[in-house]
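K.L.:
Model the full structure from these sequences, guided by the hints.
So you can see what is in the structure, the chains are spelled out below.
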Amino acid sequence: MSNDREILTGEHFMNGNVACAEGAIAAGCRFFAGYPITPSSEIAERISERFPEIGGIFIQMEDELASMCAILGASWGGVKSMTCTSGPGFSLMQENLGLGVMMETPCVLVNIQRGGPSTGLPTLVGQQDMMQARWGSHGDYEIIALCPSSPQELFDFTIKAFNLSEMYRVPVLVMGDEVVGHMSERVVIPPKEKIKLLPRRMYTGPPEEYLPFKPDKDLVPPMVIAGEGYHIHITGLTHDEKGYPEISAEAQKKLVPRLVNKIKKNADKIIEIEESNTGDAEVIVVSYGISARTSLRAIELAREEGIKVGMLRLITVWPFPEKRIYQLASKVAGFVVPEINLGQIVYEVERAAKGKTRATLVPHAGGHIHDPKDILQAIRSTLK
Amino acid sequence: MSRQEIKFTGFGGQGIILVGYILGKAASVYGGRNSTMVQSYGPEARGSACSSQVVIADGGIFYPYVTNPDILVTMSQEAYSKFFPELKEGGILIIDEDLVTLKKTKKKMTMFSIPATRLAEKMGRKIVANIVMLGFFAELTQAVSFEAMEQAVATSVPKGTEELNLKALHEGRQYAQNILQAGKKDN
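Sequence order for the protein chains is Y and Z. The numbering used here applies: residue 7 is where the first sequence begins, and numbers increase by one. The numbering used here applies: residue 124 is where the second sequence begins, and numbers increase by one.
In the BS3-like style, the derived pairs of lysine-lysine whose C-alpha atoms are separated by at most 27 Å in a straight line are:
1. Y:Lys362 x Y:Lys314
2. Y:Lys314 x Y:Lys390
3. Y:Lys223 x Y:Lys271
4. Z:Lys205 x Y:Lys379
5. Y:Lys271 x Y:Lys329
6. Z:Lys211 x Y:Lys379
7. Y:Lys271 x Y:Lys362
8. Y:Lys223 x Y:Lys260
9. Z:Lys229 x Y:Lys379
If you are wondering where the hints come from, they were derived from the structure by calculation, not from laboratory data.
P.N.:
Here it is as structure tokens:
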């Protein structure tokens, strides 16, 4: 089934979660498995309304473990797949997120963050899963995570997430938050031909020569679709290029560093940041998601006082733009890092600055966004 | 025009969130301005105080919340008690006069009142009281053009109720025009 309901080209006034669902549909996602959880539920709700009219499959699963597993299976079945969650659901998805990394399975996981730990603040905002996004599953791995600051970006970045996941064969995380998910703003959905989609990297050679985990030059192996005549084996165990389990230090050394390096060595191509007025800045605010918007208000106030403040907004949080942070570190009196947690990305900024300058956290325990005055105060203090 | 903060308040079930949504849509999709709408989001049930917050600006909107509304619209006593202290000094208060009794005022403020629910009942459908209020609000504040508001109403209400809702919008506008006319005569 294909019709003009697939991409709702035009100008809309919609909340971020609905925009995320539309972004997924525009990206060609046709399989969604999830377990509703506040404040992400509108994504599942919208998809469940929209998929029947465009021929997608929506399944409400028994829990988040199964949801994550189902989208991995669907991806190997040849369809773009997604799930969304929040808070405790994100914790439950970690194990199978790691399975997705190990099996190099393209898929998208959206986390509309709320305050934690545990059930925490179901209806209120947090940005406390940023390190969990990086390190939440066991073992060594690299992942890609994007941080939208508006409903428009929830639309755009969901498409971007699908493209990156196909390009690098890795689950991609969209790390939204309750405020961005629930706020309504103008969302422009472009015509179909203006939406750039990256197709799956497919292997087309003879089946007898196919090695499902033999990488191309950029360290990413091409894929096949289950049921099309290629006999393949996929597993969470350490495996050889055939995909067969091989429990040895040699196999581990061949596989896991490649999984890490396919992201690390392509980091310059993956990373996106947005800079404003960093050229002559005395202080640079490094922020992401909804906190980046609060920061922009604080920066306006600081400029009124004559302080030269720049902004570096993380669009890609993982992999982290450490090279750029290091370049800027020697030019400024300090970085100011507002985030709705008690310190996560600030440590990454500190690490990347390598002692060239200091990074000051503007913490918020969650439940609301920062008062711009608190960020302004940190900017002022940096220059003292 | 610079940043304008508007808060619609009332009780769950009155369509308070919907009018915030319609205003935001009118401003940003049909009115050539920018707008952000956030709603109070919690375990509130039907009947308790709720609000929707709309920021309208010609430039970028960074901070999305309304802290001190320039315009506070209130359609229930509980919401009035809860949200009135937030009204900006010199701001505009708009009430449904049958549902809200003023207990306190601010030194510098302008107040407009309309029996929005009663007018909706006269139209035969109490449920459109929120849209009557929106028409009243639109005419008084000129925050967005009335044409933009009409388009936003027509594309936001359930199919089949467009005519009724547009009639309600005009009802509220007419009531505002009458007040403004009467005000001019007084001067």
